[in-house]
Amino acid sequence: MTIPVGTDLVFREVVRERSGEDIHKCFYCQKCTVGCPTAYMMDYTPAQLLRLIQLGQKDKVLGSSAIWMCIGCEICGTRCPNQIRLAPVMDTLRQISLEQSYQPEPAVYALHRSFLDNIKLWGRVHELTMLMEYKIRCLLMRYSLFFQGLFSDLKLGGALMLRGKITLLPERIKRLKEIQNLYEKTGPSGNQEER
Amino acid sequence: MKYSYFPGCTAKTTSAEFGISSEAVCAALNIELLELEDWNCCGASSAHSLNHELSLSLPGRNVALAQEAGLDIVTPCPACYQNSLSADEALREDAEWRREMESLLDFRYTGKARPRHLLDVIAHDLSIDAIRAKVVKPLTGLKVACYYGCVLVRPPEKTGWDDAEYPMTMDRLMEALGAEPVDWSHKVDCCGASMALSNSDVVANLSGQIVDGAIEAGADCVVVACGMCHVNLDTRQAPSPGKPQMPILYFTELMALAFGLPEVEKLFGKHIVDPRPLLRAQKLIS
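Chains as they are written, first to last, in the working numbering: chain U, 1 to 195; chain L, 1001 to 1286.
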């Protein structure tokens, strides 16, 4: 038997171990894919992704946009006849892909990054400053991302602000140091260097 | 009845109507909410997307804050609920993680404070008769599409909801208020959640399908139990000629309305799709 070039058989064990999900049990019934609300946006469907993991196709999996298109709605895991929850698998794949410097989907990554930075700053999320960082990150990463939806976002932001749903000033929690300690403890992927 | 209360970030901002109406309804039902002192953001979708340990430790701090009181932790936000469940599970099952967190945050884990969603508490800790007894203005004739969304009910082994595919808890609650829940196919579909900013066309598509489904089922409004669902459904309805705008209401707003609580009326002005014309036509507000 020959093993195709690029096969990494350790990879699937790492994913299994870190996600806690027994991905070997998948027999490709594709219920996950049928139920997935964002499968139509993915380069590989959820079932294809599981198959690629089983086959050790690490580069294809970690470089895919699919892992960033999962919104974690848990419909796949709820319907899987083998009780494989794909949401934690997707989380694991995103985390490994960042650790190993694969290119994330820029807008999704920029949003998550800005969100986590914001919590570190105030202890709670303050939409206005979070959105500002998000837009700056988009601008720095890809010029066109900054303009994408800019006017509809501004219009919506204005409407929400008028209704008092986006506040000007952030609220900082008292023991912010505790939050910063948590960021320090949970280490490098929580403080992924600028990319 | 007393609970620890974790409102979550959006209950004070983007879903202020939810926070305010939740607190008013609980007060009317003699549910005492003791807000966790100095609570923090649970990390929403972002922490578990990028960093596993951070996603357990941010909500873990809130779970830690609730240990001494030993009361169940009630939250109106399904994402906070879900993340708190994961954090509580990790503290319970992983002894090494528990020791690390206990020394870092200086607390002792007792396991007595279970994370709960507000809908679960209202529907299951009170009898349906107790709720019916509070109704002074029945929502007679109001057709509601109860929308549960994703992580409120899923994964079922963690949330233990009545039915992961076709739940009825909110429908029964609406019935007790006198409203008429409709049968429809989108109860547990996902609205697109955190893609609201990074891929707004995905959200417009998914939320649009949900609103269309409610229109098709003959509903007058969609009832939600999540701030994120509300934002996505309320703000992504592109006005088009001949198509009705669908008001999106929190279940607690409808409870407050049926209970005759005065503070609810000013909340309706915060919605993007104004629910007042519908409520006036139904003679529920003047």
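Accuracy of the hints is not assured; some may be wrong.
Claimed, not checked - Label pairs and their computed distance ranges (CB to CB):
(1) L:Ile1128 / U:Glu171: 34 to 42 angstroms
(2) L:Leu1126 / U:Cys29: 46 to 54 angstroms
(3) L:Ala1027 / U:Leu168: 39 to 47 angstroms
(4) L:Leu1126 / U:Phe146: 46 to 54 angstroms
(5) L:Ala1130 / U:Tyr143: 56 to 64 angstroms
(6) U:Leu128 / L:Ala1133: 55 to 63 angstroms
(7) L:Lys1112 / U:Lys174: 19 to 27 angstroms
(8) L:Pro1241 / U:Gln83: 22 to 30 angstroms
(9) U:Arg51 / L:Pro1156: 20 to 28 angstroms
(10) L:Ala1217 / U:Tyr143: 39 to 47 angstroms
(11) L:Lys1002 / U:Asn181: 26 to 34 angstroms
(12) L:Pro1156 / U:Lys25: 17 to 25 angstroms
Quick caveat, the hints were computed from the structure, so don't treat them as lab data.
In this text, a Cβ means the ideal position worked out from N, Cα and C, and glycines have one as well.
Going down the list of hints, with the structure as the test:
1. L:Ile1128 / U:Glu171: 34 to 42 angstroms: 37 angstroms, holds
2. L:Leu1126 / U:Cys29: 46 to 54 angstroms: 41 angstroms, violated
3. L:Ala1027 / U:Leu168: 39 to 47 angstroms: 29 angstroms, violated
4. L:Leu1126 / U:Phe146: 46 to 54 angstroms: 49 angstroms, holds
5. L:Ala1130 / U:Tyr143: 56 to 64 angstroms: 58 angstroms, holds
6. U:Leu128 / L:Ala1133: 55 to 63 angstroms: About 43 angstroms separates the Cβ atoms of Leu128 of chain U and Ala1133 of chain L, which means 55 to 63 angstroms is violated.
7. L:Lys1112 / U:Lys174: 19 to 27 angstroms: 25 angstroms, holds
8. L:Pro1241 / U:Gln83: 22 to 30 angstroms: Given about 48 angstroms between the Cβ atoms, the range is violated.
9. U:Arg51 / L:Pro1156: 20 to 28 angstroms: 25 angstroms, holds
10. L:Ala1217 / U:Tyr143: 39 to 47 angstroms: 44 angstroms, holds
11. L:Lys1002 / U:Asn181: 26 to 34 angstroms: 30 angstroms, holds
12. L:Pro1156 / U:Lys25: 17 to 25 angstroms: Given a distance of about 18 angstroms, which is inside 17 to 25 angstroms, the answer is holds.
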